[in-house]
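Colleague: This is what each chain is made of:
Number of protein chains: 2
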Amino acid sequence: MSLKGKKILIVGLGLIGGSYAEALKREGFEVGAVTRSRESIDYALQKGLIDCGTISPDADFVGRYDILVFALYPHVFLKWIADNQHLIKPGALLTDVTGVKGSVVGKVQEMLRPDLEFVGAHPMAGREVYGVRNADCRIFKGANFIVTPTPSNSEAAILEIEELGRTLGFERISRLSPEKHDEMIGFLSQLTHCIAVGLMTCKDVRHMSAYTGDSFRDLTRIARINDEMWSELFLLNKDELLSQLDLFIGQMADIREAVAVGDSQRLRELMRLSTERRALFDK
Amino acid sequence: MSLKGKKILIVGLGLIGGSYAEALKREGFEVGAVTRSRESIDYALQKGLIDCGTISPDADFVGRYDILVFALYPHVFLKWIADNQHLIKPGALLTDVTGVKGSVVGKVQEMLRPDLEFVGAHPMAGREVYGVRNADCRIFKGANFIVTPTPSNSEAAILEIEELGRTLGFERISRLSPEKHDEMIGFLSQLTHCIAVGLMTCKDVRHMSAYTGDSFRDLTRIARINDEMWSELFLLNKDELLSQLDLFIGQMADIREAVAVGDSQRLRELMRLSTERRALFDK
Numbered sequence: 000m001s002l003k004g005k006k007i008l009i010v011g012l013g014l015i016g017g018s019y020a021e022a023l024k025r026e027g028f029e030v031g032a033v034t035r036s037r038e039s040i041d042y043a044l045q046k047g048l049i050d051c052g053t054i055s056p057d058a059d060f061v062g063r064y065d066i067l068v069f070a071l072y073p074h075v076f077l078k079w080i081a082d083n084q085h086l087i088k089p090g091a092l093l094t095d096v097t098g099v100k101g102s103v104v105g106k107v108q109e110m111l112r113p114d115l116e117f118v119g120a121h122p123m124a125g126r127e128v129y130g131v132r133n134a135d136c137r138i139f140k141g142a143n144f145i146v147t148p149t150p151s152n153s154e155a156a157i158l159e160i161e162e163l164g165r166t167l168g169f170e171r172i173s174r175l176s177p178e179k180h181d182e183m184i185g186f187l188s189q190l191t192h193c194i195a196v197g198l199m200t201c202k203d204v205r206h207m208s209a210y211t212g213d214s215f216r217d218l219t220r221i222a223r224i225n226d227e228m229w230s231e232l233f234l235l236n237k238d239e240l241l242s243q244l245d246l247f248i249g250q251m252a253d254i255r256e257a258v259a260v261g262d263s264q265r266l267r268e269l270m271r272l273s274t275e276r277r278a279l280f281d282k
Numbered sequence: 000m001s002l003k004g005k006k007i008l009i010v011g012l013g014l015i016g017g018s019y020a021e022a023l024k025r026e027g028f029e030v031g032a033v034t035r036s037r038e039s040i041d042y043a044l045q046k047g048l049i050d051c052g053t054i055s056p057d058a059d060f061v062g063r064y065d066i067l068v069f070a071l072y073p074h075v076f077l078k079w080i081a082d083n084q085h086l087i088k089p090g091a092l093l094t095d096v097t098g099v100k101g102s103v104v105g106k107v108q109e110m111l112r113p114d115l116e117f118v119g120a121h122p123m124a125g126r127e128v129y130g131v132r133n134a135d136c137r138i139f140k141g142a143n144f145i146v147t148p149t150p151s152n153s154e155a156a157i158l159e160i161e162e163l164g165r166t167l168g169f170e171r172i173s174r175l176s177p178e179k180h181d182e183m184i185g186f187l188s189q190l191t192h193c194i195a196v197g198l199m200t201c202k203d204v205r206h207m208s209a210y211t212g213d214s215f216r217d218l219t220r221i222a223r224i225n226d227e228m229w230s231e232l233f234l235l236n237k238d239e240l241l242s243q244l245d246l247f248i249g250q251m252a253d254i255r256e257a258v259a260v261g262d263s264q265r266l267r268e269l270m271r272l273s274t275e276r277r278a279l280f281d282k
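Chains as they are written, first to last, in numbering that gives the first Met the number 0: chain A, 0 to 282; chain B, 0 to 282.
It is possible that part of the hints are untrue.
Here are the simulated DSS-like cross-link-like pairs (lysine-lysine), alpha carbons at most 30 Å apart as the crow flies [as the list claims (entries may be wrong)]: (1) A:LYS88 to A:LYS3; (2) A:LYS6 to A:LYS140; (3) B:LYS237 to B:LYS179; (4) B:LYS179 to A:LYS202; (5) B:LYS106 to B:LYS46; (6) B:LYS5 to B:LYS46; (7) A:LYS140 to A:LYS24; (8) A:LYS237 to B:LYS202; (9) B:LYS202 to B:LYS6; (10) B:LYS5 to B:LYS24; (11) B:LYS237 to A:LYS202; (12) A:LYS106 to A:LYS46; (13) A:LYS5 to A:LYS140; (14) A:LYS179 to A:LYS106; (15) A:LYS140 to A:LYS202; (16) A:LYS140 to B:LYS202; (17) B:LYS78 to A:LYS202; (18) B:LYS46 to A:LYS202; (19) A:LYS46 to A:LYS140; (20) B:LYS106 to B:LYS202; (21) A:LYS179 to B:LYS179.
Derived from the structure by calculation, the hints contain no laboratory data.
Just so we're clear, the structure is a prediction, and the values are computed from it rather than from any experiment.
Here chain A stands alone, though its shape is the one from the complex (with noise of 0.2 Å):
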């Protein structure tokens, strides 16, 4: 299987469902849409970012696409599987967008109708913006895709989707199971969006906007967060996140014990730790 030729259904018409639809139209793929907003569709199609779109999908439109993405809130992709799977093209190949797998994959793949196949993705790219009108597929750019196989997956519709990524331009295509995926995004993703909503909220701080370095602003960029999208995938993740976030508030209670007692050793051991393990994550 190769992507060439494939028609392409973006399901759900958001930042990210655009930012698909834009950088595969630039590739020459045929790219439709459905969405809940009359308006995300004329706006799309104003901008060239799809080439048609409905609000209303039945099996003459939705059935002509090879491919399809669904880019929603994971309660919603659910919903729209169970109510509308029967209006997909036999053969199709379905991926998502969703930042949490272990509570969405299995479900969409228990649920769907043999002749489909389903194969998580995630890609790791995002703004602090929102809705079609912020598409702008050069976020993807330099970015991580990671895709999420089951053992009920076919090798031919991997290899698929990670063409797919490559295609909307990200640099690193890699595989982790679902549950691998959900711990690794609990930490990186999941935590550091609760520590910065959490610097932001433990105290007043609005007089102090005049004062601050690029520290405090660089640690709370991701305070500015959609609620209804992040509290669902929180809660979708629970497990891993609590973990996580138990770790991180041991650690923090041991540095502020340091901190306590003077033990200027640990605190330094800590940082020369720190110090030497962030240079991993140079660019």
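Using the hints, position chain B against chain A.
Modeller: Only chain B this time, still in chain A's reference frame:
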């Protein structure tokens, strides 16, 4: 008083001292340096950052300067004043770049000769690299310069140090008492460095570097940290830092609880507050 025509001595030629020297030379000032390493002097002379320098300060050398800027570790600064203030020109104006004020400004003012005046200042700029070889006065552009006067300072001297901040290229010049400064810095800078170190050391994340997005990278940029300097600054501001750590750790425990019991409303409330507040910090 005005800076015009004054001779300026930098004591301590590291990243910040070297960047001060570069900025002041560009503005046409005569700039001297005292530091521990001959190599730093040679480098600064060769690059035109200073007019002259010495590693053995004497009255002939030090006594020529009208303004002295101390860019030293806090304990080294206090010792330098105790050992060498007899070398300073009568009527000279002293300032510093130290990151904590409550435990430094008062001590210096108490021990200082009555004909000298010290006005504390904190240039809120820096990089994750060290030494005069990394000096770069562009780091001051757009940054905050905080002057921390006490009742013992004259308005004329405070104005002169504020003029120094503007001359260096800082955008916002403000005044805070040493105590208000330390509360603010305990939160905006020291707590954020603790968080970055805590996040980087709470889990062995080396295998995760392939998957990380920008959020983890942003939160840990300052996890590369000069352990000698920061451990000293933390412990010199111990009470404030502990208060700020307690606020933050308490808030993280609240977030953990909301995740544990699945309290989506509480999570969303915190996220909306965080989003609203963060908007004030956009540049």
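Colleague: All hints are to be evaluated individually against the structure, with a verdict given for each.
Modeller: Hints, one by one, checked against the model:
1. Restraint check: the Cα-Cα separation between LYS88 (chain A) and LYS3 (chain A) comes to about 17 Å, which is no more than 30 Å; the hinted pair holds.
2. Between LYS6 (chain A) and LYS140 (chain A), the direct Cα distance comes to roughly 23 Å. Compliance with the 30 Å bound is thereby established for this hinted pair.
3. This hinted pair checks out: LYS237 (chain B) and LYS179 (chain B) have alpha carbons roughly 14 Å apart, not beyond 30 Å.
4. With a C-alpha separation of about 15 Å, the suggested pair LYS179 (chain B) and LYS202 (chain A) falls inside the 30 Å cut-off, and the hint holds.
5. Straight-line distance between C-alpha atoms of LYS106 (chain B) and LYS46 (chain B) comes to about 35 Å, which puts the hinted pair past the 30 Å bound.
6. Between LYS5 (chain B) and LYS46 (chain B) the alpha-carbon distance is near 22 Å, which keeps this suggested pair within the 30 Å criterion.
7. Simply put, LYS140 (chain A) and LYS24 (chain A) have alpha-carbon atoms about 16 Å apart, close enough for the 30 Å limit, and the pair holds.
8. Only pairs whose Cα atoms come within 30 Å are accepted, and LYS237 (chain A) paired with LYS202 (chain B) is accepted, the gap being roughly 18 Å.
9. Of the pairs offered as hints, the one joining LYS202 (chain B) and LYS6 (chain B) is violated, with about 51 Å between alpha carbons and a cut-off of 30 Å exceeded.
10. At most 30 Å may separate the alpha-carbon atoms for a hinted pair to count; LYS5 (chain B) and LYS24 (chain B) meet this at roughly 12 Å.
11. At roughly 18 Å between alpha-carbon atoms, LYS237 (chain B) and LYS202 (chain A) fall within 30 Å of each other, so this suggested pair holds.
12. A threshold of 30 Å between alpha carbons decides the hint, and for LYS106 (chain A) with LYS46 (chain A) the separation of about 35 Å lies outside it, so the pair is violated.
13. For the hint pairing LYS5 (chain A) with LYS140 (chain A), the CA-to-CA distance comes to about 23 Å; that is within 30 Å, so the pair holds.
14. Proposed proximity of LYS179 (chain A) and LYS106 (chain A) is supported: the alpha carbons are some 17 Å apart, at most 30 Å.
15. Restraint check: the Cα-Cα separation between LYS140 (chain A) and LYS202 (chain A) comes to about 36 Å, which exceeds 30 Å; the hinted pair is violated.
16. Only pairs whose Cα atoms come within 30 Å are accepted, and LYS140 (chain A) paired with LYS202 (chain B) is accepted, the gap being roughly 28 Å.
17. A hinted pair counts as satisfied when its Cα atoms are at most 30 Å apart, and LYS78 (chain B) with LYS202 (chain A) does not qualify at roughly 36 Å.
18. Taking the CA atoms of LYS46 (chain B) and LYS202 (chain A), the gap is about 45 Å. The hint is violated against a cut of 30 Å.
19. Of the pairs offered as hints, the one joining LYS46 (chain A) and LYS140 (chain A) holds, with about 21 Å between alpha carbons and a cut-off of 30 Å not exceeded.
20. Between LYS106 (chain B) and LYS202 (chain B) the alpha-carbon distance is near 40 Å, which puts this suggested pair outside the 30 Å criterion.
21. As the CA atoms of LYS179 (chain A) and LYS179 (chain B) are separated by approximately 45 Å, the hinted pair breaks the 30 Å bound.
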